[in-house]
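Colleague: Sequence:
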Amino acid sequence: MVVRTTSLNSLKKFLPKIHQPLPLTHRESQQLLDSITTSFRKNLDKEHPWEHHDEIIQQALMPQTKKPVPTTTVSSSSSPLDTLGQQRPTDRHLRAILSNPLFFHKGQQTLPPTPRDPFDVFDSAVSRGLMTPRRAAGFLAKVRSQISNTSDDDIRRDMAESKAGLRVVQWLRASGLENSQQFFSYPALFAALIPFMYAEGLEEVAWTWVARLAVREEADDVKEQHMFALSALLSAILGQTSTTYSGAKVSLDNSYKAVMRANDILPKNNLVAFKCLRYAWFRLSWPSTVFASERPKPSAPLFESYVDVGRPLGVHLDLAHLGLYHPLEPDHSEAVRYLHHTQDCKKFSASRRRRVICLALDTADRLKEVGDAKQLSWVEQFLLKMANELNFDIFNAPERDLITSTAPIHRLI
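Here the sequence shown stands for residues 6 to 418, where the numbers follow my numbering.
If you're looking for bench data, these hints aren't it; they were derived computationally from the structure. Mixed in with the good hints there might be a few duds.
[Stated by the list, open to error] Okay, derived cross-link-like pairs now, BS3-like style, lysine-lysine, Cα gap no bigger than 27 Å in a straight line:
1. 168 / 228
2. 352 / 390
3. 352 / 302
4. 373 / 302
5. 351 / 302
6. 273 / 147
7. 168 / 254
8. 228 / 280
9. 273 / 228
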């Protein structure tokens, strides 16, 4: 007897499908979508039946003139269909879902940016290796701008408590910029840093920088940059010692001490150091003479020591002028002698001519005090000659009023 085997086709219904069904056609996809939509709406209508369906339909189809006046105000732009749509159970159901706080997202509000703490910005830049001397100067300027006190003691105390100067110095040391002296390439940092260092008691660190710059050997192509950095450092120190934190002008005693200390530190045989010392000395010459009345009188010994520092610098005009402003024993002899040796003022620069005129006017005032009419007459003629040579016309003032005028010197030049 032969047993017939089962056909392979008859086993297909027992074998699982090993491949995905073929994609639906466009018609089949549309039919599936319609079926799902219809089923979804039927289930919603079943679970959320329409309320007063017949009344809503009648109101929607009723003529406008026969409709009752609603008790609540409805926007004129709303139509009966809109009102009908608002009553659909499906719409109310979806609106309830969307109004759920879990699905409610507020629009992104544009709030004013909160200013970051400059110390956080500084620390972040340091940790990321982005801090530079320029940015450190900006950090110090920002910290200083946030100190709004007007009292000098309060400003100094707030600057000291901020420790901003210490933070910058620590960064310079930790980054190696202090040892390599690379931060000297941005001298503007000194003007922002020195006031904080003096407030925090770190002025000795600044003087160690002066000593390092004084002995630094540079190639000829970078000597100018070296000189500019040292001059900027000394200028920042002198600016700090000649004014208060509130900007008031004080006695130049501390500034004279700073010049004398620089004279002791800077080597005499170094051209860069010599020029920087000369520039620092010049910086105090003008406020010590022309604007001396704006400050308290300095100490006589310190004044004399400052003058002695300038004698080897070849600043004869300034030394002659300083003699007139000695705190205890003003002397006009050197000023008169200098004016007698001054011949052609046309060759002078504008700043030098201005200084000579100031010297002549101050000399005339001193001669009036001591009653030396002969020398006073000569100085007056010197001023008239100088004015004629330079074609000055000082308010068309008469000759006899030129010396006795009380107008500020900057208006007479």
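Colleague: For the pair supplied as a hint, residue 168 and residue 228, is the alpha-carbon distance within the 27 Å limit?
Modeller: Between residue 168 and residue 228 the Cα gap is close to 33 Å, so the pair fails against 27 Å, i.e. violated.
Colleague: Need the status of pair residue 351, residue 302: alpha-carbon distance at most 27 Å?
Modeller: Between residue 351 and residue 302 the Cα gap is close to 34 Å, so the pair fails against 27 Å, i.e. violated.
Colleague: Given the hint that residue 352 pairs with residue 390, test it: the Cα-Cα distance must not exceed 27 Å.
Modeller: holds (15 Å)
Colleague: Are the Cα positions of residue 273 and residue 147 separated by 27 Å at most?
Modeller: violated (39 Å)
Colleague: Would you check the hint for residue 273 and residue 228, treating anything up to 27 Å between C-alpha atoms as holding?
Modeller: Since the Cα atoms of residue 273 and residue 228 sit roughly 16 Å apart, the hinted pair holds (cutoff 27 Å).
Colleague: For the pair we were handed, residue 228 and residue 280, check the Cα-Cα distance against 27 Å.
Modeller: Holds, at roughly 11 Å.
Colleague: Quick one, are residue 352 and residue 302 close enough, alpha carbons at most 27 Å?
Modeller: violated (34 Å)
Colleague: Does the alpha-carbon distance linking residue 168 and residue 254 stay inside the 27 Å limit?
Modeller: holds (25 Å)
Colleague: Sort out whether residue 302 lies within 27 Å of residue 373, counting only the CA atoms.
Modeller: Between residue 373 and residue 302 the Cα gap is close to 21 Å, so the pair holds against 27 Å.
When each numbered hint is compared with the structure, violations occur for hints 1, 3, 5, 6.
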